[in-house]
Amino acid sequence: MTDLGRRIARRLSDATFERVAAVGAENAAVNRPRIGRSLLELAEERLGAGNAAVVIGAGPSLYRRRSLERLVAVDFTGAIVAVDSALGACLRLGIVPHVVVTVDPHHERIVRWFGDPAMVVAPADDYFRRQEMDPHHAEDEIEANRALLELVDRYGPEIRVAIATSAAPAVVDRCEMAGMRLYWWNPMYDDYEKSDSLSRRLHAQNGLPCLNGGGNVGTAAWVVSHAVLGKTRVGLIGLDFGYAPGTSYTRTQYYPELRDLFGERFTDAFIHLENPFLGETWFTDPAYYWFRDVFLGMAREASCRTFNCGEGGVLFGDDVPMTSLEAFVEESRA
Amino acid sequence: MTEFLKGNYELKVDIEERHEDAEASATDEFERKALSRLGGSICFVSKKGFLWTGDKSDGSRTTDRTPAE
Numbered sequence: 001m002t003d004l005g006r007r008i009a010r011r012l013s014d015a016t017f018e019r020v021a022a023v024g025a026e027n028a029a030v031n032r033p034r035i036g037r038s039l040l041e042l043a044e045e046r047l048g049a050g051n052a053a054v055v056i057g058a059g060p061s062l063y064r065r066r067s068l069e070r071l072v073a074v075d076f077t078g079a080i081v082a083v084d085s086a087l088g089a090c091l092r093l094g095i096v097p098h099v100v101v102t103v104d105p106h107h108e109r110i111v112r113w114f115g116d117p118a119m120v121v122a123p124a125d126d127y128f129r130r131q132e133m134d135p136h137h138a139e140d141e142i143e144a145n146r147a148l149l150e151l152v153d154r155y156g157p158e159i160r161v162a163i164a165t166s167a168a169p170a171v172v173d174r175c176e177m178a179g180m181r182l183y184w185w186n187p188m189y190d191d192y193e194k195s196d197s198l199s200r201r202l203h204a205q206n207g208l209p210c211l212n213g214g215g216n217v218g219t220a221a222w223v224v225s226h227a228v229l230g231k232t233r234v235g236l237i238g239l240d241f242g243y244a245p246g247t248s249y250t251r252t253q254y255y256p257e258l259r260d261l262f263g264e265r266f267t268d269a270f271i272h273l274e275n276p277f278l279g280e281t282w283f284t285d286p287a288y289y290w291f292r293d294v295f296l297g298m299a300r301e302a303s304c305r306t307f308n309c310g311e312g313g314v315l316f317g318d319d320v321p322m323t324s325l326e327a328f329v330e331e332s333r334a
Numbered sequence: 001m002t003e004f005l006k007g008n009y010e011l012k013v014d015i016e017e018r019h020e021d022a023e024a025s026a027t028d029e030f031e032r033k034a035l036s037r038l039g040g041s042i043c044f045v046s047k048k049g050f051l052w053t054g055d056k057s058d059g060s061r062t063t064d065r066t067p068a069e
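Just so you know, the sequences run in chain order A and B. The first sequence begins at 1 in the numbering used here and counts up one residue at a time. The second sequence begins at 1 in the numbering used here and counts up one residue at a time.
Please note that a few of the clues may not be correct.
[Stated by the list, open to error] The calculated EDC-like cross-link candidates involving lysine to aspartate or glutamate, where the alpha carbons are at most 16 Å apart (straight line), are: (1) LYS47(B) x ASP191(A); (2) LYS33(B) x ASP126(A); (3) LYS33(B) x GLU257(A); (4) LYS47(B) x ASP293(A); (5) LYS48(B) x GLU301(A); (6) LYS47(B) x ASP260(A); (7) LYS48(B) x ASP191(A); (8) LYS194(A) x ASP55(B); (9) LYS48(B) x ASP190(A); (10) LYS48(B) x GLU193(A); (11) LYS47(B) x GLU301(A); (12) LYS33(B) x ASP14(A); (13) LYS47(B) x GLU331(A); (14) LYS33(B) x GLU18(A).
None of these hints come from the bench; they were simulated from the model.
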C-alpha cells in the first residue's frame with residue numbers, strides 16, 4: 001500500500017465541484033417550475049418520537065450485520081432517514097422511512113433506486129450489476145426493478161423525499177408518480193459569501209436553503225437528521241464508506257475510474273483500515289476515504305451526538321464512536 | 001500568460017511559452033478532469049456550517065408554496 005489514495009483524497013473537494021456543479025445547476029433550472037415545499041418545512045412535522053434518529057445508508061454492513069432486521073426487532077420509534085439507494089432494502093422489510101434523501105444528478109442511474117418505469121431491458125451500463133449497495137439488482141435487474149416499482153408505488157404516499165434541486169428530472173417524475181411528498185433544497189456548492197457563488201445564485205433564484213452535504217448522500221442524510229429535523233442523538237447503519245474484507249476490487253464503486261487512471265497500479269489507491277469494533281481490516285478507495293475524513297470533521301462541529309451502529313466500515317473516531325444498534329436504541333429510550 | 005497580459009505595442013523579439021510550463025499545464029488539466037470522475041455526488045464546503053438559509057432579509061422560503069402548474 002502507498003499513500004496514493006490519501007493524496008488523491010485530498011484533492012477531491014475541488015474535483016467534486018467539477019463533477020457535479022454544471023449538471024446540478026442544469027437540473028435545478030429544469031426542476032424549478034416543479035419546486036414546492038422547502039426542506040425547512042420538514043422541521044415542522046416533528047417526525048419520529050423523541051430525540052433520536054437512525055440514518056440508513058446502503059453499505060455492505062447493512063446486509064452483513066442484518067442491521068435492518070435488527071432495527072425491526074428493536075422496535076425503534078424515532079425518526080428514520082434513509083438514502084435513496086437503501087429505500088428498496090427498507091421497503092422489502094416493511095420499514096417505511098420518514099424521509100428518503102436524494103441528491104446525485106446522474107440522469108439514468110438514480111431513478112433506479114425508486115424503480116425505473118422506463119426500464120424494459122437490462123442496460124449496457126453495468127453499474128447496478130457491479131455495485132455493492134443493493135445485491136438484489138445484481139441478481140436480476142429486470143425483476144428487481146419490477147419489484148421495486150411495486151413497493152415504491154405502494155408506500156410512496158407515506159414517504160417524504162428530501163430532494164436536492166440537482167436531482168435528475170426522471171427522479172422527480174418517478175417520485176411524483178408514486179405520490180411521494182417532495183421537500184426541496186439546494187446542495188451547497190461553494191462559499192455562499194462570495195459574490196459569484198453558485199450556491200448564492202441558486203438560493204436567490206429559488207429561495208431554498210443550501211445544505212452542506214459532505215460529498216455524498218449518506219452524509220447529507222445525517223445533516224438532514226440533526227440540522228433540519230433537530231434530532232440530538234443520531235445512529236448510523238450502513239454508512240460504511242468502505243468495503244468488507246475479501247471484496248473484489250472490481251466490485252468497488254470507482255473501480256473503472258481507478259483502473260483507467262492508474263492502470264495496473266490501481267490497487268495502490270486503496271487504503272486499508274482496521275475496524276476496532278469487529279477487529280477486521282476493511283478497505284476504502286480515495287472517494288470514500290474523503291467522505292470519511294469530511295464526516296469526522298463535520299461530526300466535531302455538530303450539535304448532535306453521532307454513533308456508528310453499523311458494525312462495519314471505516315467511519316469511526318472520537319466523535320463517532322461505534323456501538324451496537326441495540327445499545328443505541330436502548331440508551332435513546334432512557 | 002497570454003490571457004493576463006495585453007499591450008498596445010509590438011515586441012521586437014518572439015517570446016515563446018516554456019515547453020515545461022505548457023507540459024505542466026496539460027498535466028494539471030488531465031489530472032483535474034481525471035479526478036473529477038472520482039468525486040462525490042455533492043460538494044463539501046469547509047467551515048460554512050450545515051445549512052445556509054440565506055441572508056436574514058432576503059425572504060428565504062420557509063412556508064407553503066405549491067408547485068407551478
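Hint-by-hint comparison with the structure:
no.	hint	verdict
1	LYS47(B) x ASP191(A)	holds (9 Å)
2	LYS33(B) x ASP126(A)	violated (22 Å)
3	LYS33(B) x GLU257(A)	holds (11 Å)
4	LYS47(B) x ASP293(A)	holds (14 Å)
5	LYS48(B) x GLU301(A)	holds (11 Å)
6	LYS47(B) x ASP260(A)	violated (33 Å)
7	LYS48(B) x ASP191(A)	holds (7 Å)
8	LYS194(A) x ASP55(B)	holds (13 Å)
9	LYS48(B) x ASP190(A)	holds (9 Å)
10	LYS48(B) x GLU193(A)	holds (9 Å)
11	LYS47(B) x GLU301(A)	holds (9 Å)
12	LYS33(B) x ASP14(A)	holds (11 Å)
13	LYS47(B) x GLU331(A)	violated (31 Å)
14	LYS33(B) x GLU18(A)	holds (8 Å)
Violated hints, in rising order: 2, 6 and 13; the structure is consistent with all others.
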